[in-house]
Each structure stands twice: as structure tokens, then as C-alpha cells.
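Here the structure of chain U is known, so what remains is to put chain B in place on it, guided by the hints.
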Amino acid sequence: MLNLKISDLKVEVEGKLVLRGVNLQARSGEVHVIMGPNGSGKSTLAYTLTGHPRYKVTHGRVVLQQKNVLKLTPSERAKLGFFLAFQQPVTVEGVSVQRFLWRAWEATHPHKLEFTRFKRQLTQHCARLGLAQEFLDRSLNYGFSGGEKKKLEILQLLTLRPKVIILDEPDSGIDVDGIKSVAAAVIGYLKQEPEAIAVLITHYSTILSYLIPDKVHLFIKGKIVKKGSSTLVEQIRKNGFMGWRSL
Amino acid sequence: MNYKYRIEPGISTGVVKTISHIKNEPTWMLAKRLMALSIFTRKPLPQWGADLSGLNLDLIHYYTQPLAREETRWNKIPEEIRRTYERLGVPKAERKLLGGSKFQYESEVVYGDLLRSLAKKGVVFLSMDEGLRQHPQLVRQYFGTVVPAGDNKFAALNSAVWSGGSFVYIPAGVKVDMPLQAYFRLNSPRTGQFERTLIIAEEGSSVHYIEGCSAPVYARGSLHAGVVEIIIKPRAVVQYTTIQNWYKNVYNLVTKRMRVEEEGQGIWVDCNLGSKVTMKYPSCILAGRKAHGEVISLAVATAGQHQDSGAKMLHLGPDTTSIITSKSISKGGGRTSYRGAVKVFPGALRARSKVVCDALILDALSRSDTYPHNLIAQEDAVLEHEATVSKVGEEQLFYLTSRGLSPQEAWSMVVNGFAAPVIKRLPLEYAVELNRLIELEMEGSVG
Numbered sequence: 005m006l007n008l009k010i011s012d013l014k015v016e017v018e019g020k021l022v023l024r025g026v027n028l029q030a031r032s033g034e035v036h037v038i039m040g041p042n043g044s045g046k047s048t049l050a051y052t053l054t055g056h057p058r059y060k061v062t063h064g065r066v067v068l069q070q071k072n073v074l075k076l077t078p079s080e081r082a083k084l085g086f087f088l089a090f091q092q093p094v095t096v097e098g099v100s101v102q103r104f105l106w107r108a109w110e111a112t113h114p115h116k117l118e119f120t121r122f123k124r125q126l127t128q129h130c131a132r133l134g135l136a137q138e139f140l141d142r143s144l145n146y147g148f149s150g151g152e153k154k155k156l157e158i159l160q161l162l163t164l165r166p167k168v169i170i171l172d173e174p175d176s177g178i179d180v181d182g183i184k185s186v187a188a189a190v191i192g193y194l195k196q197e198p199e200a201i202a203v204l205i206t207h208y209s210t211i212l213s214y215l216i217p218d219k220v221h222l223f224i225k226g227k228i229v230k231k232g233s234s235t236l237v238e239q240i241r242k243n244g245f246m247g248w249r250s251l
Numbered sequence: 045m046n047y048k049y050r051i052e053p054g055i056s057t058g059v060v061k062t063i064s065h066i067k068n069e070p071t072w073m074l075a076k077r078l079m080a081l082s083i084f085t086r087k088p089l090p091q092w093g094a095d096l097s098g099l100n101l102d103l104i105h106y107y108t109q110p111l112a113r114e115e116t117r118w119n120k121i122p123e124e125i126r127r128t129y130e131r132l133g134v135p136k137a138e139r140k141l142l143g144g145s146k147f148q149y150e151s152e153v154v155y156g157d158l159l160r161s162l163a164k165k166g167v168v169f170l171s172m173d174e175g176l177r178q179h180p181q182l183v184r185q186y187f188g189t190v191v192p193a194g195d196n197k198f199a200a201l202n203s204a205v206w207s208g209g210s211f212v213y214i215p216a217g218v219k220v221d222m223p224l225q226a227y228f229r230l231n232s233p234r235t236g237q238f239e240r241t242l243i244i245a246e247e248g249s250s251v252h253y254i255e256g257c258s259a260p261v262y263a264r265g266s267l268h269a270g271v272v273e274i275i276i277k278p279r280a281v282v283q284y285t286t287i288q289n290w291y292k293n294v295y296n297l298v299t300k301r302m303r304v305e306e307e308g309q310g311i312w313v314d315c316n317l318g319s320k321v322t323m324k325y326p327s328c329i330l331a332g333r334k335a336h337g338e339v340i341s342l343a344v345a346t347a348g349q350h351q352d353s354g355a356k357m358l359h360l361g362p363d364t365t366s367i368i369t370s371k372s373i374s375k376g377g378g379r380t381s382y383r384g385a386v387k388v389f390p391g392a393l394r395a396r397s398k399v400v401c402d403a404l405i406l407d408a409l410s411r412s413d414t415y416p417h418n419l420i421a422q423e424d425a426v427l428e429h430e431a432t433v434s435k436v437g438e439e440q441l442f443y444l445t446s447r448g449l450s451p452q453e454a455w456s457m458v459v460n461g462f463a464a465p466v467i468k469r470l471p472l473e474y475a476v477e478l479n480r481l482i483e484l485e486m487e488g489s490v491g
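Taken in order, these protein sequences are the chains called U and B. Anchor point for the first sequence: position 87 equals 91 in the numbering used here, and the numbering is continuous, going up by one each time. Anchor point for the second sequence: position 425 equals 469 in the numbering used here, and the numbering is continuous, going up by one each time.
Chain B on its own, in the form it takes in the complex:
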């Protein structure tokens, strides 16, 4: 792979200035980046969650620019990149089905497309860089308001060196029927990917945004530290779906948060199959009256993987509701942890929240833990918490095989059945893909 530009490993003021300079950014953005860098330098690594001792932040390349520029026509993309995407199974047919799609290869978005009808209604779907160029006022107004740089060390890092990601703007009342899709991919060793996504859904609008992530084989660990910020105005509905399948040496440390205003609905559907370590807790700030937040997640951990994921619901407004459904599967020594927080603040009258955690442990080597934190400062709040841990038992396997199924088929039936509540929330093509990925992960489950 040839690069147009690749910054030497490690982070410094110089690196941040260079990135901002290459992108020809307004000075206020550079100021934000430098502020974030100083927070990053001061903040310690989190002392909780997954083990990050294998992550050497000085060896990461913080910016890599491939030869290609952003192209709106598929056949203009360099063949090598195109082939990679095609191998990844991002077929051209899919692009027709989806409202628009953006593929991010390393740090720059190289392909962008949006159906004309949506553009006519004022829907904006650009790379974050392009968004900043074309809509500086909107970006300045909202950037960092839901996930401030000081939120955590990796949000600070992202705010300092961010590149790419998506900028989505849905005008008031516009309902986008087809999902918008973005595909992120890391391709060279020790590359960091720090995409930044900002979605603004104006009053009464709706959109479903899907991101898929993938990475091929590397010699050394890579880092993905994305930030997603979503602003949901009154009565707007946003679903953000992730199918994360990074290669198994990637540190995936992502901050995702949405602010939901009056009667708005925000839904995270978050599937984590890949990576070495994932720490990700999509959250909803339920700011307005009757705001509703939902996190539906699936984590699959096999040998050498730790999926430390969960959800965070912050109830600020009265009559706010939230649902967290967390499903995890661990196998072959893999580890899954559910880490969740539900906070009901004073004034969040009659807030209601329901948390359901189901863990499926496939063998004695694997592990699953639950760390719920609840903080309720409102007397009339209702919080339900259910947790189940099950083992695919001999009994289930015997029951299914005694009807003629092979042991492999029986396994995958049990596992897919377990994941069904999550799979049901995906568009058909993605549901099929996720089923296939789960089956791949389950290969060799039968002794």
C-alpha cells in the first residue's frame, strides 16, 4: 500500500498541527485539537475495565493518508482499495439498497455517495472533514457538546487527532427511510483510526445510520478510538447500528453518546465480534420530557478477546424511559463483561429503566461478568434489572441432536437463537451477515 502521507509514530503538538494543516482547517478547530491534546497528556489511562497494558501509544501512527482523494464514483477509486472493499463483502448492489454510503480507508473517506432525492430534501451525509468545510457553523455549534474532550483519555485523543468519520444532518420533519451506511477499515500495521462522527437530527426527523468495521491481519496491535456524538431534537428518532469485526489485535476504545430531547428516541444497536480489547458503553442523555433511550448489544469473545461493553443511561427529564438489553457469548477462553450505569437525576420524575443482561458461556475456559451501577436520586423512579447466565448444556445439545440435527447445527441454532433479539433489529442483509459472522466464530465449538 502506498501512502500519500504518513506521520511518524507518536503524538506531539507538531503532529496535531500537521494534521490540522493538511486538512486546511479553521483555527478554532486547531485550538480545540490542541486543548484536547493537553487533556490527553494529563489524563491517566482508565484504572478500571479491560487490560490496556499491551497498548503502546508511542508506537501508533496518528495520521495516514492514502493516495486516493474522496471520490463519488466507485470506479474512480484505486483498484487496490476497491478490491479490498469487495473482498470485505461491501458489494455494489448493497450501495443501491442503502440510502448512501461512506467507506473510510485509513484516515480519509475515499468514497461517498448519497441518493439525490435525499440531498434534495436537505439531508447532508459527508465525511467529517468535508462537513467541517461545507458546514462550519453547524460543526462549531455541536462538535464536542455531547462528548467533550475531557470525558475520558481516548475521547481526548480522538478530539486531538480526529480524521474522517461522518457528518450527518437531517432537517426538521425529514424521514430517511433507507439506512445510511459507513464502513471503516484499518489496513496497515500500527495505524490508529480516530474517526469522528456527528449526527444532528432536527425536530421530528428520523434516520438509521449503520457502521461496519473491519481490519485484516497485522503484525502489531492497532488502535481504534472513535467518537460518535448524536443530537436528537424533539420527536426525532435515530438508530445507530454498529457491527464491529476488527481483527483480533485491535484495541477498540470508543466513546458513543447521544443527547435526546423531548419525546425523541435514540437507539444504539451495538454488535462487537472482533478486536482484542473493546471498551465501549454507548450512552443516552435523556434530557427532555419523555425522551426514550435504548441500547441493544451483542458481544462475542473467543480466545484472547475481552469485550468490556455495556451502556449508560442518564435520566434528566421527567417521564424519561430507557431499556438496556445486553447479550454476550464467550467461548474458548474469551471474556465478556457487562458494565452499565443507570442514573436518575433529581427532577427526572417517574423515570423508568429496564436492564436485561444475558450471558451465554460456551465452555469452562470462558468468563462473563456483570458490573451494574445504579444511582437513583428520584424517589418515584422505577428500575428493573434482570441478569441470566446460561451454559449451552449437554441437555440442549442432546435435545436438538436427538431430533436428527448434527452437533454443529445444534450449536449454531442455540447461539443464533440467543442472539436473535439483537439480530431482529438489523436490516435483512445485515442480519444475514451477522448470522454468518457468529457462525464463523462458533466454528470448532464442537469437540
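Bound conformation, chain U alone:
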């Protein structure tokens, strides 16, 4: 059983305080949803948890398995099981999806796996996401459509089998069928990895009709102003974020 504990987290970006004291606790098997308007600090939380150098933690703690996560480098966090599905993944020309994933697998898994077995699993994951075999030979995100980019993030998730998965708007820039298959893949993954914790950041409620959250956190101006269950999603769907902004 894993327990991720974020306490009173304050984060600056380029001298500006963006997270102003965030508290969140998540356990294995739980799906947490973070909703909130643009600029409320949702992505900042995602980057901070995975160790982006531009985000400076000025206060607070993040603990997983008795480890002070904030002291670790991004690659050490990946080895501990952190994974961020990027909202806007970057392009790396000349590096194939397959080669990258194999190197990332080797880096994050101490036990050996034969390449042929790895490849077989990779092929199965591709099929699950409706991606053609040729997808594996393409350069990372090079010339990808919005939907392909999102699916590559999910393909990485399925392949690398992380423990703490942070999905930063996996439903933006992708059509409804895409959202469905992304949601189905995440649900399948959580069933198969009962230890995993999911933190989903989204603007929209569409994905939440497939992926039912255990807890919903409403982010306004760098703070969680309201915690609730699926009913909070319903409230936000009806009234938007307006009512909460004054808080």
C-alpha cells in the first residue's frame, strides 16, 4: 500500500508564488481529480511532483514510502515510480519511440527483461490504444497529431508501469473517441496495478464520465479550496468555476 502525502506545498516560478500551500493525500487504488481554471497552478503541481528544475519549492513536503521526494532528481523520482503524462510533450527528432521506451524501461527497472518480451508487450499496448506498429519507429512526437501525442504518453504509462501517475490534461487536443480509449487504457492499467495512485488534471468533465474519481480537488489561485466526490464535478459542470473564484 502506497501513501503519497503532500503537505503545505509552496512553489515559486521565476520569483512568483504559484502554489500557496497545497495539501493532498492519496493511497493506492485511488483516483484523484484536480479541477480548476487556467493558471490556478494545476500543472505547476504536476511539474513540481516530478522535479522540473524551473519550479522552486519554498516550503512544504512531499513524501512517498518514507522518502522525501523533493530531494530527488527527476530520474530518481522516475525510478521511485513517478510518472507525468505531459500536457504538451516535447519533440525529440531522430529518437524512435521504441528505442526511447526500451532505454527508459532499462533505467527504471533493475531486473532484466529480454528485448523480445519487451517488444511483445509494447506491441500489445499499441494495439490497445489503436496505434499501428509503425508508430514505434517514428521519432518522439515528431510530426504527431494532438491525439497521437496524448496516446504516446499513455503508451509510455502502460509500458513503464509507474506507481504514481499524474495525467496533465490527457483529454485536451484529442477527440471524443480518443478520450474514450485513453480513459479505458487508464482504467485497465489501474486494475492491473492495484498499487498505483492516479492524479488526473482536467478542465473538462467528459473524461470523468468514464473515469470515476474517488476524490475531487478544486484548485483556485494555487490552493485547494474545496474537496469532494463526483458530486463536486456535477456542481462545477453546472456553475463553472465562477462561484469559487472569490474564495
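Derived by calculation from the structure, the hints in this document are not laboratory data. Check the hints yourself; a few may be wrong.
Stated by the list, open to error - Stretch-level coverage of chain U by chain B, calculated; a stretch enters the list once three of its residues show a Cβ under 8 Å from a Cβ in chain B:
1. 7-20
2. 50-57
3. 97-105
4. 187-198
For every residue, glycine included, the Cβ atom is placed at its ideal position computed from N, Cα and C.
For chain B alone, kept in the frame of chain U given last:
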């Protein structure tokens, strides 16, 4: 290192005559050399391109002859030279893989080998000196026809004092499946290397020629001013691949040009990692109908280096096509420049050319510039030019490390990925070697 012969520094009529005399050349070659010398003396240094003010032409030894004669058996080569080559990673196994190989140590070619089957088909692969002795008619017919002595100051210098290099002749219809390889090496201070290479590919033939260059540590700067001339007859295909890794005090000023006739294809794959200054612009004269020229280049410049390289495409015939792909990486204060010219002459109907320049700048100290010159005298010509400059950003590095890669691994993945289009054009062993060299250059990239 002991030398059999080493001419005092500086250049003069006497020096040129001595070189020609040692080589026991026909008088017409001596006449060509002397003509070239007078052009060299009159021509000023180029007023454009890289800074050549550190180059003192009076301190260069224009001819050095090691003790060894050209040998066809590896174990006959003096041990010292053999060890150097082995350290350089020119393993014996490689010689079996390649169609033939020539190693040039200082000014004379000391090792030559060509698989018998190729020789039987009439393929000639000799040092230029030997080529001149055995095939004087061919040499006289083609020497200086693609790169005349008057082309530029360093082509003139080479034409005056040239020594070594390769002479390759591929008879009509012969396809050489394995690459021919030559390895050039400078080993003593203030030595100049002026190899001269002439490749003639007759109708419908094909060949891939690879040269690697390397130089160890010196006290003072050395000069490499080679000339490569390639004649591609109708429907012949020639690829000329260079992996240049001179030591970082060498001035590398090379003229490379090919003439491509009807439906022929000429490809330069040019990788420049070493040297202090490189000025090199492989070019294709697309003379015949449907002739095709390609230059695929990679330049890597780190501290104290300036790689001023590019390509030149001269479209003369109708329906000629050309592609220039230039990739450069600058790091630690290194500077890369792309300097290219595409010229479409009257009568080159429907000529098409595509130029793609991608520069990767790894830090704020480094620099990259692009100087394209296009001259189009034919209305229906199509010219595309794309240029991108990218910085390996924090974002790329974060993306890769967030998946568990170390920062070093992430760097080298980005850089090798960038160079991949060039690396893909090399035979496997060379691709592996180039990857390794790039990784060495990238060491210490991570702060």
C-alpha cells in the same frame, strides 16, 4: 619518428621541383605544379569565411617522406606506424570488410590493398603517385579538370605540392559493392598534408569511397589542404564519405568537387568533428540531363573550433536535381557556419533544389550562422530552403529524465537523434564510430 626525407619549411620553386624529382614525375606534371605555384603566390587568402590569421604558410613543411615505402602487406609496415593505426582503431578485421584500403601516413601512402575480385574487373585503387606512374594517360586527361589550380588559393597550393591521395578508376558497368576506404593521418608538427584524390566512374558504374582523417597532439598548427576531383559518367553513382576528426589545431582547407553527367548521381556525406578551422564546401557540377547531386553534412564545433562548411550545387543540365542537408552542432563556445550556393544556369530547364539547414546550439557561448547564396537564371527552376535553429532545451532534457534517463544519457540521445539523418547514410561500423565520436565531443555537456 624518423623520416627518410623532410623538406625545410616554406614554399618555393625549388621545393616544388624537389617534390616532383623525388617522385620521378613526367615533365607535364612538373609544369602543372609550377603553374599552380605561380597562381598560389599571386592569389590572396580568401577574404570571407573563417579566420585564417593564425596560419603561417612559411612555417609549414610541404613534404615529408616516412621511412616506409608503400606496402601491400600489413606486417611489412614499420611497427611504429602500424601501432598508430591500430590505436586509431583501423583494425585488421575492418580491412576484410572493406573492398580495399589505403592508409596515408604523412605524405606517402604506406599501405594499399584491394580485393582481387575487384582488380580482376579492372577496378583501379592506387595512391595518386602510383596512379600517375601506372595510368599517366588517364591522369593527364582528368587531373585538374574539375578543380583547376586557379579555383582558390588552397587548390593552387595543393596542385603545386600534392603528394599521395587516391586514384580510383571504375570501368563501365562495374558496381563495387563494398566501400573503398582511405585513412589519412598527420603525425609531426607543422606538417602539411596535400593529398590529391581523383575518382573516375565510367558509365553505369558505382562506388562508395570513404575517407577518415585523424591527427594526434601537436605543439603548433598544421595544415591540411586536400583536393578531391570526381568524374561521374552517365548513369554512374558515386558516394564519397568523409569522417574528419583532425586534432584541434589543424587548418583544414579542402576543395571537393564532382562533375555529374547524364542521369548520374553524386553524393557527398561529409562529417567534420575535428580541426581548429575547417573551410570546405563539397560541390556538384550537374552537367548532364537529369544529373542528381546530394550533400549531407554534419559539423560539430566545440571550444576553439570554427566549422565553416556547406555545399555548392551548379545546375547546368535540364531536369537536374539537388538536395543539401546540413546539420550542425555547436557547444562550449564552438562556432558553425553553413555557407552554401545553389546556382541554376540558363538552360537548366526545370532544375530543382532543396536545401535544409538545421543547427543545434547547446549553450549560450556557442554560435551558428547560415549564409545561403542562390542564383537562379532559369524561370521554371524550383528552389526550396528551410532552416531551423534549435536549442536543447530544459524541456527536452526534463522530458527524457522524467522517464528515468540520466542527464548524460538524455543529452547524448538528443544529439545523436539530431545527427541521425547523417549517421543513417554510413555503413554500420562507421555509424557506430561516428556515434562514439559525437558522444566524446559531448562529454561534460552536463553542468
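Against the structure, the hints come out as follows:
no.	hint	verdict
1	7-20	violated (count 0)
2	50-57	holds (count 4)
3	97-105	holds (count 4)
4	187-198	violated (count 0)
Hints 1, 4, counting from the list given before, are not met by this structure.
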